[in-house]
Every structure is written in structure tokens, then in C-alpha cells.
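Could you put together the complete structure from these sequences and hints?
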Amino acid sequence: MDLPQERIPDCTGWRWVTDRGLRLQTGSHTLARYQLLISRNLPEVESVIPADDSILLVLRSGVGISAGLRAAVEMPLDLRPQAESRLHRIVVSYGGKAGPDLAALAERAGLSQQDWIAQHAAAEYRVAFLGFQPGFPYLAGLPEKLRAPRRAEPRVRVPAGSLAIGGSYAGIYPESGPGGWQIVGVTDVVLFDPRQSSPALFAPGDRVRFAAR
Amino acid sequence: MTGLAAVEVVRAGLCDLVVDQGRPGHEHLGVPRGGAADPAALAVANRLVGNGANAAGLEVASIGPALRFPQGGTVAISGACFSATRSRDTGVRWNETLLLEPGEILDLGAAREGCRCWLAIRGGLEVPVVMGSRSTFLPAGFGGLEGRALRHGDVLRLGEAAAAQRLLRAVPLSGRNDNCLRVVAGPQAGLFDDAGLAAFFSETYRVASASDRRGLRLKGTALSRAGTELPSQGVLPGAVQVPPNGQPIILGWDGPVTGGYPVIAGVIRADWPRLAQLRPGDAVRFATIELEAARALAAAEWEIGGQA
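Taken in order, these protein sequences are the chains called A and B.
So in the numbering used here, spot 137 of the first sequence is number 137, and the numbers just go up one at a time.
So in the numbering used here, spot 114 of the second sequence is number 1114, and the numbers just go up one at a time.
No lab work stands behind these hints: they were computed from the structure.
Any given hint might turn out to be false.
What follows is a set of in silico ranges between Cβ atoms, one per label pair, in the way DEER data are often shown [to be verified]:
no.: 1; chain 1: A; residue 1: V189; chain 2: B; residue 2: E1146; range: 21 to 29 angstroms
no.: 2; chain 1: A; residue 1: R89; chain 2: B; residue 2: G1281; range: 49 to 57 angstroms
no.: 3; chain 1: A; residue 1: Q196; chain 2: B; residue 2: H1152; range: 28 to 36 angstroms
no.: 4; chain 1: A; residue 1: R150; chain 2: B; residue 2: A1226; range: 14 to 22 angstroms
no.: 5; chain 1: A; residue 1: R40; chain 2: B; residue 2: G1091; range: 50 to 58 angstroms
no.: 6; chain 1: A; residue 1: A118; chain 2: B; residue 2: A1210; range: 41 to 49 angstroms
no.: 7; chain 1: A; residue 1: V189; chain 2: B; residue 2: H1152; range: 36 to 44 angstroms
no.: 8; chain 1: B; residue 1: S1209; chain 2: A; residue 2: G180; range: 22 to 30 angstroms
From the three backbone atoms N, C-alpha and C, an ideal C-beta is built for every residue, glycine too.
As C-alpha cells, this is what we get:
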């Protein structure tokens, strides 16, 4: 039986995650490199998973690594502003029972709850990547002052639609379940419905703005 | 009613899941590929009953269901051997085409060794295709039969078979059965000190009871490492994460698509069949393999021929 022959690339910053995933260090250009990689339809690539400062390319078994993949990984990025991506406007009920951590976060930031909400809703966010749960967005763009570490004790049950802060990200829980982020409000948008042709409301690169109800 | 045949769940097993070859290509939405824990084993069972390789079958873990076939049926079972029985005929053989008479009950019983087996039924299990697959994704409750494991009283409808019926037998060619999982170094192996790496590759770990298709939790020598939280990175089944308590977790088929814990190593694709058979209490060791060698190994090799 002939085994597939392939040359394993050895570019700086390439690492393997098992023998199926190629991890690329992408620094602050993760989204731009992600857009370029998914536009290429590379035959050996099963999935492209963007994350914080890296991308994981899941490779099909038994398919060699093409010159096209190597080129797409090394090609200089066009970092000029691209056509504007989708903008989602999300209405939020901040604070109260639906946002049990808002008071403590405002105090930590040295702000009144009203000012904390105003600053949160004034920022524009970008979907850096999705993970944790299907449809859970990691939203970059949280003002520095509003950042806060995850809770020391994760909650056993966070309600669906909860708007939360985890480190430098904002996020929204699509489904109720355990969660360790700080909960500041709730929204009634559906973030994930597997029966729809586009199951997730958000895609990497989308823009998001919040408004207080 | 479509008039197509059906199968009744007389007694549910511990966790009987409708699975196929999975739903690749949705990881960027937070949805793992999922699907059969040993895709080749399900594919071979499908072939023995004349189904296409991607037809949906049942993945059964530890204790299987009892299924009644009102109109009879053609089935095949692959994977770990269970103490299975059927109403008529003496034994239930693995890896070959079995013909069930109308009204027969196939009781899969309990695993004799290993953890999982795959049951293919001629025609395939007819459940809705969700995001390109019929596989159950339990963590988010979709796919398969209403997004859940089978229950007593469920009725499974069958589709139409792809190929003519033949009596076939399959023989697994790669039958290594030791407790050693082959790994390639992970992207954060360098964060672990020599003592940690030495422990990982020399100690025996035990599979903890809190293990499922999301991840196999291991118990053993704690692995210490430098630093605390890392930026989230993409992960996939087989990646060995080390949380702050130092006890490694091998991510499973329904595991997360991103993670913030360092990945010390990655179990290679060719050892998924062995990962699929681990159960709580089992001993596990790790050995390195070269990346080129790992990627050249076929996932699983079977020989299929006419039944003697």
C-alpha cells in the first residue's frame, strides 16, 4: 500500500496540535489571516479555527500539505480597511437580577453603574472568535477600564442570553449552563439555532454594538 | 408513517447515541466535529449491511440497549465485544452481517472489555440532518434523536440501503491492544519542566470516572508548569490539556474547540480506536511518535470478504 508522502512544513511559529492540527501564531492579525485562509478553499483543510493570537488548521487525514497552504500562511496580509463587516445591534437589560456582577464590576472600575453601562454601550466590539459553547462570541474591544478577571468560583448555572465579562473580552452565553464570567446583563437574542441554515448569529469578524433597554 | 422499517428500543443502554462520521467544518462557530469515536469501525459496520459509509448507526457505551426488530433486519456490530444475545439463533458475532427475523430482540448486554461498539442497521437510522450530520451532540442537545441518548420506548426509523445485501465478514488488521497511546509533542510542551515531561512519559495514568465524549480526565502524577492563563487557542480531539491542578485531560470527540490550558501533547489520529475503548479505571501511558510517521498511518485497516 502506498502511504501518502508529504513534507512537513517547518515555518517559524508553526506548531502541531495532535497530528491533525497545524497551529499558526498570528499575533494581532488573526482575523485578517483567518479571512484569507477561508477564502482559499484549500483541499487539505477540513476546518479553520481562529482564537486569541493563533489559528488552528484542522487537516484531513491522508491528504498531503499543498504549496497553496504554505503560500496562504506566509502571504503578506492586506491590512488596509476592508469592506465593512456585518454590524449587530444588541439590546441589553443591564444590572439587577439579570446582571448580578454589575455592581461589583462598577465599584472595581471606580464608576457608577450608570457610567459603567454608558461606557460599555459606547464601545464597538468585534467578534474575535467563537468557542466554549456553540455560538458563544469572544468580543474584542472592551474598554480597558471595564476589564475584569473571571469569577474565582464559576456559577453552576448561567441563564441563556447572559452578557458577561471575562478578562479583556465581552461574551454572551447562548445556552444556560455553567460559566465563570462576570454577568452584567441579559439579552433575548437567539445566538445559536442548529436548525437554521446559518446556525450562529455571529461570525468571526462581525461588529457588535450594545444598547441599554 | 413512511412505511419504512423501524426498530423499537425495548430497554435503553447507558448512553446509546445516533452517530455518523460527524459534522466537520463548523468549529469556527464553536461546534466540534463529533461523530463516531472510531469512525472507521462505524464505516465498516455500515459496509457489512450495504449502507454508505456515512449512514447513521448507534454508538453504544459500556451497557447497550435491547432493540426489537418488528419486521426483522440486517445488522452488523463492530468495536468492543459485548455480551450480546438475540431471541433466535445462538450467538451474536462481531464484524459480520447478521440477519434478524421479524420480531427478534437484539440485546447488546454489557461490554466484556473496552467501552464502545457500533451497530449499523441496513438502511441507516433516519433522523434529521442537522448542520450536515445525523450525529448526536449531547453538550448542546441537537442532532441524533432529539439531541439526546436513546430512551425506553423510542422508535428508530430506517432509511434505504445504498447497496445490495450480501453476507460479509470483516477482520480488523491493526489489533494492538496495549494501554499505550502514541502522541506528538504539543504546542506548549516547552512550558513544562523536565520533571513534568519525564512524569508524563514515564508514569501510568488512570482514566477518571468523570470522563465522557467531551474529554477523558486522567489521574496520576500532577504536571507542574510555568505561568498561569494562556491566550485561548484552537484545540481538537486527542489534544492533552493540563489544567491548573496538573491532572491531564485528553479532549474527546464532543470537546471544546478552543481552550486556555497548555497542550502538552496530542494523541495521534491512528489511536482514536484505542481512545474510544478507554473506560474509567483503565491505565494509560504515553509514547512519542514522529509526526511524519503518525500522519502516514492509516486510521484503521480492515479486510472485508464473503462470510465463510
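Quick check: which numbered hints come out false for this structure?
-> none
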